[in-house]
Structures are given as C-alpha cells and as structure tokens.
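Protein chains in written order, with numbering that gives the first Met the number 0: chain A, 0 to 125; chain B, 0 to 239.
Rather than coming from a laboratory, the hints here were simulated on the basis of the structure. For every residue, glycine included, the Cβ atom is placed at its ideal position computed from N, Cα and C. One should not assume that every hint holds.
Heads up, incomplete: computed chain B residues facing chain A, CB under 8 Å, no partners named [unchecked claim]:
(1) Asp59
(2) Phe62
(3) Tyr76
(4) Glu79
(5) Val137
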Amino acid sequence: MLIKIQIIVGLLSILLILITVELIRKERLREEYSILWLFTGGAILIFILFPAFFLSRFIPRVTGVFYLSAVVLIVFFFLLLIVFHFSVVISKLTGQNKDLAQRYALLELEFNELKRRYFTSNTDSS
Amino acid sequence: MNRLERILVIIPAYNEEDSIGRVIEDVRTNCPQMDILVVNDGSADHTSDRARASGVVVLDLPFNLGIGGGMQTGYKYAAEKGYDIAIQVDGDGQHDPKEIPKLLQTLEERKVDVAIGSRFITDLEYKATTMRRVGITVLSKVISIMVRQKITDPTSGFRASRRKAIQLFAVNYPQDYPEPEVVVLLSKSGLKMAEVPVKMSQRYSGESSITKIRSIYYMVKVLLAIFVDWFKKYPLLIGE
C-alpha cells in the first residue's frame, strides 16, 4: 500500500518541481515566488523517498504525529506559508499601486497645466 | 489671520455630481481668498466635469482608491505646491464652509497643527441614529484615552492642517478608516490638535458610507485598526 502512495506522491512532487522550473524558464513565474514552491516539492519528495525514517521515526519523535496525518500536516504547513507569503506580497502591491495612481494623477494635472500654458503662449506670439 | 498664508481647500469627491457644484460655490463665497482642489476619486459620473466647469483645480485618480487614498493625493498636492494650510471639506455638503474661519482661528489661537471640527462639543442637535451615536461615543472614549486628550468627534473629516501635518499626511495617511486613525497618527507623531465646535448639515445627496446596520461592525473594525496603529512604528518627521 505504502509503495503506491510513494509512487503517486513522488511523481506529483517531481511534476510540481518541473512545472515550477519550466514556468521560471518561460518567465511566467518570478523567482522570488518560486522558491517556496520548489521547497514544497523538494520537501515532499524527500519525505516520500525515505518514509521509514521521516514518517515513522523523525516526525513522530519531534511532533508526536504519525504517518499520513504527518504528510497532511507538512503539506498544510507549506501551503500556509505560501498563502501567507501571498498576503504579504498583495499588501505590498496594493501600497505601490496606490502610490502609482496618486503620482499619475498629480503628474497628469501638471502635464495638462503645462500643455495649456504652452498653447496659450504659442497663440499669443503668432 | 495672516493674509500671506496660502490656504488650500481640498474637497474629496466620489460620485457627487449633484452636490459638488454647490459645495464649491459655498466655499468660494465664504472663503474667496483660498485655492480649491477637488480630488475626483475615480467617479463614474460627471463629478470631474462639474468641478472643472466651476473653474477649480481637479485631480482625477485613474480608479477609486477610497477616501484615504483620495485625501492623501490632496495632501501630496498641498505639500508639493507649498501650501501653509490645507482644509478638508467633504464633497457631499455635510461640512458647512461658513465654519472654515473657526478652524483657522483655532489653528492660530491655540497654536496647534490640526484643528478638527466636532459636531458633539456644543451642538447636540445633529441627527444621527442611536446605534451610530453609541458607536461614536465608544470610539471617542477609547481614542481619548489613547491620545490622552479629549476627542468628542473622532469620525469628523472636517479639518484644517498646518504645514507639518500636511507633510506628514503626504507620506503617511491611514487608508482604511482615515478619520479616527488620523487622530491616533497625529498623537503618535507628536503633533498637536484641538477640536472646534461646528455645525454640520445633512448631506445634500448620496448615502453615508456608514449605514445603520453596519454601525457596530464599523466600530469593531475601527477599534481594531486604531489598536494596530497604536503599535505601529511611524517614521520620524524630518526637519520642519
């Protein structure tokens, strides 16, 4: 039973890593956001390659959680990290977006003012 | 009042085409020596055109930023153009421009950086629902304790600010619930403020952003926001 789970999860994590790398290569995903995904894929792969050590000895000893629940816990933990990271990024983007909109409005006003003055002074001289 | 001071009246407006013209007219007749700036916060109606037709300076934001982001744009403009005093008047007509001299007088006489118009110091005729009253009372008590100064109307957006405060707002202005949060921000930045009793009329048009049902929800969120503000680290003001 375990070997089946090992193969499925192992393939999935390899797929995750490959997709991440491919997206970076195509510049569809920025490196700064890919690191956590690579870590997640790598961590799952390591856990599933050495299940005897990690799942039945290391994690139970450290956390007291056994087996499948341990896998769920790990996955949940990484997803939590990723979602949290996104919240931080979105907050930063919101602030930058606001600053940009404000700057844009101020510059547009200045620009229209200059344009108006330029045209009135040109018609005056002609 | 010093005649050499340059004063800017900032009117934030979001979909206020019915009232904006009248507000601008009111400010003009009561304070003819002041410049007027309308910040059009991405309105979908003719707010911008109506304001422009009145001949005032109009700042058009490319999309709606909310009252905090809109007001801050006005303060950025005031800071850039070197205004000495900026006065904030709502675009929906609930702030009476006749009261502007009172704000200026307070800035002058009490030597404060910000004068805040309050509905609740003397005039208790202002009509507000009971729920909203309770909300404002709780808020004002909590904020008063936080800033160690009696604040009766923390939700008032009718304010006059001196240069120091303008510069502070240009770099740091609360976005979510700007009126109560500004009070906390000012106190944390070491700027002085004072309240002035003013009359506020019923809005000409539009709905308050705080409806009856949402009062409690609003209060809880504002309390949370100001508690977070209280623990925030603010950059120190540089120079004068």
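### Query
What hint numbers does the structure not satisfy?
5
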